[in-house]
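Number of protein chains: 2
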Amino acid sequence: MSELASSSMHGAPPLGGLLSGPPAIVAAGVDVFSDALRAQGAQVHDVDWRPPGFGDPADLAALALDPRRAAANRAAVERLLAAGSQLVDVRPASEVLDLADRMLLHAGPPLEWSNASGPMRGALVGACLFEGWAASVEEAQRILAAGEVRLDPCHHHRTVGPMAGVTSPSMWMWCLSDPVHGGQAFCNLNEGLGKVLRMGAFDHEVQERLRWMRDVLGPVLSAAVRGSLDAGNDPIDVKAILAQMLQMGDEGHNRNRAGSLMALRELSPLIVAVDAPSSDIAAVLKFAGGNEHFFLNLGMPTAKLALDGARDVPGSTMLTVMSRNGTEFGIQTAGTGDRWFTGPAQTPVGLFLGDYGPDDANPDIGDSAIMETYGVGGFSMAAAPAIVRFVGGTVPDALATTERMYQLTLAENPAMAIPILGFRGSPTGIDVLKVARTGWLPQINTGMAGRIAGTGQVGAGLVQPPQECFEQALVALAEAARSA
Amino acid sequence: MSELASSSMHGAPPLGGLLSGPPAIVAAGVDVFSDALRAQGAQVHDVDWRPPGFGDPADLAALALDPRRAAANRAAVERLLAAGSQLVDVRPASEVLDLADRMLLHAGPPLEWSNASGPMRGALVGACLFEGWAASVEEAQRILAAGEVRLDPCHHHRTVGPMAGVTSPSMWMWCLSDPVHGGQAFCNLNEGLGKVLRMGAFDHEVQERLRWMRDVLGPVLSAAVRGSLDAGNDPIDVKAILAQMLQMGDEGHNRNRAGSLMALRELSPLIVAVDAPSSDIAAVLKFAGGNEHFFLNLGMPTAKLALDGARDVPGSTMLTVMSRNGTEFGIQTAGTGDRWFTGPAQTPVGLFLGDYGPDDANPDIGDSAIMETYGVGGFSMAAAPAIVRFVGGTVPDALATTERMYQLTLAENPAMAIPILGFRGSPTGIDVLKVARTGWLPQINTGMAGRIAGTGQVGAGLVQPPQECFEQALVALAEAARSA
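Order-wise, the sequence lines are chains A and B.
All residue numbers for the first sequence refer to numbering that gives the first Met the number 0, where the first residue is 0 and numbers rise by one.
All residue numbers for the second sequence refer to numbering that gives the first Met the number 0, where the first residue is 0 and numbers rise by one.
It is worth saying that the hints were derived from the structure and are not from the lab.
No experiment lies behind these values; they were computed from the predicted model shown.
Ideal Cβ positions, reconstructed from N, Cα and C, are used throughout, including at glycine.
Please note: incorrect hints may appear among the correct ones.
[Unchecked claim] Per label pair, the in silico range of CB-to-CB distance:
id, chain 1, residue 1, chain 2, residue 2, range
1, B, 353, A, 313, 55 to 61 Å
2, B, 206, A, 289, 56 to 62 Å
3, A, 356, B, 337, 54 to 60 Å
4, B, 207, A, 69, 57 to 63 Å
[What the hints assert, rightly or not] To list a few chain A residues with every Cβ distance to chain B over 12 Å, as calculated:
id, residue
5, 38
6, 64
7, 73
8, 144
9, 179
10, 203
11, 246
12, 277
13, 345
14, 348
15, 359
16, 384
17, 422
18, 436
So here's chain A without its partners, still in its complex pose (with noise of 0.2 Å):
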């Protein structure tokens, strides 16, 4: 018994025991407040508070009624969890992609120019410049809002883009492939940090990286990508590279430096072995080692070929997607097929890069959402404390919420070890009625573009979906239920 308690019991005035004796502790929430002050001699009493849930009780209730569910998540974690991903090439999206003249691909949920957040249209009119279809902004923003270009979702592509994800016909590819499904999933090419296009920025710098990208970078990569499979070596496995990426610090979404430094230990000598001026073979060289994200476009095709393997499992609840479109976030979920369910973009709270603040940041954009959905980023922060120097948070805070994640979801990924948890796997497969029941929302770290086109990137953060992705979805799931 405390001090102020048996002080207060024996009629000592109230106020001059709360000053005299040592202080009384309540804590609730996250253990790892509880057990600081603990191991600092406090004694602490311990409330088991969690955030309501949410969903109508009736649907709650056809959902863990539906007698297809447990089999379905089974099904669908498992095709999550079987799937592989290797690097079979390296193409132009107009060779590789399904896409209709005049036709730009974007993150996230489907998305009208309209309702464009000021980095997605920078975005559009950098990439409507680059394609030649405009010859100024000016003209690229009146062909946008005449509805002259066509915007279609990369998740429509078999394809995914991070921030913006702004994908244009005449940008390289990397090609995935499954080899357990047989799935193909693809990517752009990472940009680097600042002023890029996928962060919003479309200027001379912007335009004049992308030319190289598409003239030396994107044709040295295929020459190396392929030169290698002529030779009859096996494909990069690329699945192999991110779990060895959650051994050495980083969680593959905002942190990619192993990665980056194992993807260009992979590809340094068969890009030394392409023919082509040794001065380009050393800015391939220089470009890909001085880009700590260089792997972030590898890693998010391998996330989406797992999830993509996942689809279309009836009395699944699991989603297959999360992504943003810098206005709304979006979802979908095995058992609901192509079906998007949305709300509000949140803006992440994080770190900010030299004098950027809160004010300039954008709300919530990309498709690498899809790395929290295969179970890595936020989920897996326990294997890369130092992010926190980044994305912002402490330690313990990093902790806690790979901890908190595995209350969401539905298996642990072998795979994709968690060292200091004891090789734990990550958490993986993220369940809508788990959601529902714990009111916990799936945790993203993010990268933050500025909200006024053509800032590029502010910060990088912490951010959360809208409940209400997860209210509709939960509505969508129960119906397929009853109607089952």
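Fit chain B to the known structure of chain A by using the hints.
This is chain B only, laid out in the frame that chain A set:
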């Protein structure tokens, strides 16, 4: 009060009470064990037991009362912390080391052929064959036994060598420089794992690799490093790579994956620019990219530079060397200059490759314990939880080891931050007095060589120095304190 205790007090048969009541748990030692039980709801009574300290009370008192000690240790550890490490050249040992005719350097304290262990003999034989001083194994053994080849510790030549550490005139050396104190340190090039000279293997495969390293690898690396410096580029900052490794799951002794990748990223563009046959360039990139310990031979001289910077500080009880020759373990301190304090090398406990087992392991060998002397390696295992899959033990052991090493050290190295400990600096500057007072010995991660000459590596594990080294150092430091 537990049910067990209360039932005993009421006269129930004690053995019946033992079986029917909950267990009473008393835990001695590191907190992680009792914390784990507590997390499962058990009531645990901690006993603050520690191993007994050692040393003559008069010697301990002489050191405790030495008025020079505090300032001397501060000076020594500040010099250690301030030291930098830049890669300034790659040259043959014959050009940069002060070697007598027919001299071989070896790891650890001074050694004669007559008391050399199997792997040390194997490496010495292999070096004689490589240098052409003998045409057969038998001839090499004969000239070594006859004293026709002079043996000298690497540490006597500003050099460090992993495992047997045998360094011969024709081997190429990484040449590192400390821009703060102006020191220099050297280490030969890493051969990779398995059947390699430093593990005591000397057969045809080993000789062929050593010749390729002499004729191709060394000249290409030398031209790469010199070419870059001649072009006006800054030297590669090796200390910065070591610091970044701890953010990426390496501890810098037995786990060098991220460091090797980062070194490769820095060196690749320089290697590609070398005017050499493209097949040689490709072979160098492949060799370096395929060796996860490529960085170790850059990390060791980085630690050596810092510890040489802290040499010869009268009154300091800080270690400047921990090193093993396969027969003896030797230490030096900042307060006692070049004097060695030695004891019998222990045999590591750990994990074995293939069919090898504990009986195949040679006692502790190598200068690589310079990493622990610098505060990384075993001292920073908390940064590298995945290493337990290589050296044995559990993740909580790794965390507890680093926590324990803070009790033996003078400072936390802010440049070597450990993310999982909230970016706490690594425990740095081992204090002989603290070792004696706690009775705890430094923890070293190490490779294990086969005890039969010619075997090569048999595993990796954990080992501690013999207490004798510290007992002798304590006596010598106390004598110096009394006569100061």
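Hints and how they fare:
Range check, residue 353 of chain B to residue 313 of chain A: about 49 Å between beta-carbon atoms, so the 55 to 61 Å window is missed. Evaluation of the 56 to 62 Å hint for residue 206 of chain B and residue 289 of chain A yields a failure: the beta carbon distance comes to about 39 Å. For residue 356 of chain A paired with residue 337 of chain B, a C-beta distance near 57 Å keeps the hint of 54 to 60 Å intact. Distance hint for residue 207 of chain B and residue 69 of chain A: a CB-CB separation of about 59 Å, consistent with the stated range 57 to 63 Å.
A Cβ of chain B approaches the Cβ of residue 38 of chain A within 12 Å, the least distance being about 9 Å, so the stated non-interface status is violated. Look at residue 64 of chain A: its CB is around 33 Å from the nearest CB on chain B, clear of 12 Å, so calling it non-interface holds up. Non-interface call for residue 73 of chain A relative to chain B: holds, since the shortest CB-CB distance, roughly 28 Å, exceeds 12 Å. Against chain B, the non-interface label of residue 144 of chain A holds: every CB pair exceeds 12 Å, the least being about 44 Å.
Even its closest Cβ contact with chain B, about 25 Å, leaves residue 179 of chain A beyond 12 Å, as expected for a residue assigned away from the interface. With a least beta-carbon separation of about 26 Å from chain B, residue 203 of chain A lies farther than 12 Å from that chain, consistent with its non-interface assignment. The beta carbon of residue 246 of chain A is not kept farther than 12 Å from every beta carbon of chain B, the shortest such distance being approximately 4 Å. With a least CB separation of 7 Å from chain B, residue 277 of chain A falls inside the 12 Å interface cut-off, contrary to its annotation.
Taking the minimum C-beta to C-beta distance to chain B, about 27 Å, the non-interface status of residue 345 of chain A holds against the 12 Å cut. Separation of residue 348 of chain A from chain B is adequate, the least Cβ-Cβ distance of about 20 Å exceeding the 12 Å criterion. No Cβ of chain B approaches the Cβ of residue 359 of chain A within 12 Å, the least distance being about 27 Å, so the stated non-interface status holds. At roughly 4 Å from the closest C-beta of chain B, the C-beta of residue 384 of chain A falls inside 12 Å, breaking its exclusion from the interface.
With a closest Cβ-Cβ approach of about 8 Å to chain B, residue 422 of chain A is found to fall inside the 12 Å limit, against its non-interface label. Chain B leaves residue 436 of chain A outside its interface by the beta-carbon criterion, the shortest separation being 24 Å against a cut-off of 12 Å.
When the structure is compared with the earlier hints, violations turn up for hints 1, 2, 5, 11, 12, 16 and 17 and for no others.
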